Amino acid sequence: MDLEFPPAQQAFRAEVSEWLRANVPAEPLPSLETREGFAAHRAWERRLGEARLSAITWPEQYGGRDASPLDWLVFEEEYYAAGAPGRVSQNGVNLLAPTLLKHGTPEQLARVLPSMASGEVIWAQAWSEPGAGSDLAALRATATRVDGGWRLNGQKTWSSRAAFADRGFGLFRSDPESRRHKGLTYLMFPLDAEGVTVRPIGRLDGKPAFAELFLDDVFVPDADVIGEPGGGWRVAMSTAGNERGLTLRSPGRYTAAADRLLELWRRRADPSDTALRDRVADAWIKARAYRLKGFETISRTDDIGAEASLNKVFWSEFDIELHETALDLLDTDGELDSEWLEGYVFALAGPIYAGTNEIQRDVIAERVLGLPRGSR
Amino acid sequence: MRFVLDGDQRLFADSLHKLLERSDTPGAVRAWAAGDHAPGRRLWKALAEAGVFALAVPEEHDGAGVLPVELVTALHELGRHAVPGPVVETVAATTLLAAVGGDTAAEWLPRVAAGEALVSVAHPYALDADVADLVLVVQDGHVHVAEPGGTPRTSLDPARRLFEATPVRVLGPVPENGLDLGVLACAAQQIGVGRRLLEVSVEYAKARQQFGRPIGEFQAVKHHLADALVELEYARPLVHAAALSYGSHDFARDVSAAKVAASEASYRTAKTALQVHGAIAYTDEYDPSLWIRKARALHTAWGSPSVHRARLLAAL
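In order, the protein sequences belong to chains A and B. Quick note: the first sequence, position 225, residue 225 per the working numbering, numbers continuous. Throughout, the working numbering is defined as the position within the second sequence, counted from one, plus 376.
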């Protein structure tokens, strides 16, 4: 058992750190939940892509570096320690790309991945529907077979950053006779196609972070089906596993935030306030625990399977605790616009999306602990 | 970078688990609490033969060298089976005795490695000082020998027989962070305590029927148990990482982080176990109580979470 970084990772860390020092904008970019901020973050993705740093774990031919999971953890540590911008392409890079790499055709990979790595095309997920949230299998949007492809109809919602993104991906019911998990097809579609209406939805603080999508006879060619028609649930679940694992929230993000919280505490806190002191210590401990858990996860040779749900519960609830502590340290300034507040509002959504934490706890109880399935 | 136990370490843990599983440790704990140390002493002997105590003793004193990862692996199993006696104290004493050196170390450390000596360390109360072969007191920056016995104090956990110890002779200065191997051993033991409580609670929730179905079908019960698993699973890597930093200048910091997380996870799991079992776990006669009260006692033993949080921040 060891926690040593081999020479290759040390060299990679040095390269990433040097590149970030030279390239990270001195001033934070405007919020990526605004049109102006979205464009600035897209430009940042292009720079990352040019340095082959936007999706390092992908194969080289698609713009990656064939990097190992350990390389990725190192990259993320440096990235967030450097205070680099949030990743506007993360839904594509973390959700769609792993699915394509597992189930996509060579043609799809060659067409979709390079333009995603360069930030030229930004992807939005389209999972939820008004009647299908935690119960995703209740979804009703349809894909109807037509000559050469499919016609999409229905409504999707809570589609992150769809207000400014270029393309979407999600599940559609392609067999009208089917129920639940059967007869679903995983499709990619352009957000500017004829028949698509995007209505931005303001999030808790009013910023238009997500949107609902109205699809009215939107044509999608066969080439944009991922996996087998009707087999979409299985394809999507391979993405969901990824979403609940490490990739959606890298440990590096938390270690960097905990270090900043420590600075804030030193600057702002009354040292005799032991309640706040304890919360700062806990944030540092939990960030370290998550980092170590990441090393443990990549060291394992077995599939972590349902244990990914442990990660999702941990990072999403810890993210809120950490930002709450920062806002409390800021005292009466806590409600003022700041990166901490932005992080807080962002964190509040964590226990809800990517499978609510209630669903995750059911998964942990039933599939990790072996408790009997029951009614929800 | 390989942050998981290797094959030999897993086999070692598994062999200890099997050894303890067939040793009626609950019976030994109850006897120990009642003042009958014979079954507990037999357990210690068996554990020594399995190599447990040698893991904290340097090679020149007939030990295996200090092997912190193997040590926390063993302590995890000892906690899981609620092994009675001054296990953590004996581990802590090895650091103090090795630092004192000379005849004292040469006399006691080989006996510790062989499982022949139970050593207590007053911190501030000396566990099992009436039965320990040697009682050490850490006071004013020095290690002292105490008289055996002392004034008894009653713990929540009857198997933790505590005594006020009186120093009689100075052995030498306390090494820097000289109690940290003991703190780490305690943290590992706590994770084991929590792990066992989760295991028995899951089994109980599968078997216990109310409203015509196993209570483990109810979401409220499931979520309690899922939360306990999350806490335990994120505390364990901190214990392993602290073991790896033994001997480095980060050891004290990492031990404190591990102790905070292990205390919180273990204690929370104990409360969950009590709630999931209901009234039966509130009884002395039902075995989970052995672990539930130990979890509370260990929560503050070897430094409360608040003490270790303060120590951690001071080290950062």
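Worth flagging that the hints you see were computed from the coordinates, not collected in a lab. If you're wondering where the values come from, they're calculated on a predicted model, not measured in any experiment. Take these hints with a grain of salt, some might be off.
What the hints assert, rightly or not - With a Cα cut of at most 25 angstroms, we get these calculated SDA-like pairs of lysine to any residue: (1) B:Lys647 - A:Glu317; (2) A:Lys182 - A:Met1; (3) B:Lys647 - A:Ala275; (4) B:Lys582 - A:Lys182; (5) B:Lys647 - A:Lys182; (6) B:Lys582 - A:Phe219; (7) B:Lys582 - A:Ala81; (8) B:Lys394 - A:Met1; (9) B:Lys582 - A:Ala275.
Each hint tested on the structure:
1. Distance restraint check for lysine 647 of chain B and glutamate 317 of chain A: the Cα-Cα separation of roughly 20 angstroms lies within the 25 angstroms cut-off, and the hinted pair is therefore satisfied.
2. Note on lysine 182 of chain A and methionine 1 of chain A: the hinted pairing is violated, with a Cα-Cα distance of about 44 angstroms set against a maximum of 25 angstroms.
3. Straight-line distance between C-alpha atoms of lysine 647 of chain B and alanine 275 of chain A comes to about 22 angstroms, which keeps the hinted pair within the 25 angstroms bound.
4. For a cut-off of 25 angstroms, the pair hint linking lysine 582 of chain B to lysine 182 of chain A is broken: about 30 angstroms separates their Cα positions.
5. A threshold of 25 angstroms between alpha carbons decides the hint, and for lysine 647 of chain B with lysine 182 of chain A the separation of about 42 angstroms lies outside it, so the pair is violated.
6. This hinted pair does not check out: lysine 582 of chain B and phenylalanine 219 of chain A have alpha carbons roughly 50 angstroms apart, beyond 25 angstroms.
7. Straight-line distance between C-alpha atoms of lysine 582 of chain B and alanine 81 of chain A comes to about 45 angstroms, which puts the hinted pair past the 25 angstroms bound.
8. For a cut-off of 25 angstroms, the pair hint linking lysine 394 of chain B to methionine 1 of chain A stands: about 23 angstroms separates their Cα positions.
9. Distance restraint check for lysine 582 of chain B and alanine 275 of chain A: the Cα-Cα separation of roughly 39 angstroms exceeds the 25 angstroms cut-off, and the hinted pair is therefore not satisfied.
Hint violations for this structure: numbers 2, 4, 5, 6, 7 and 9, all remaining hints satisfied.
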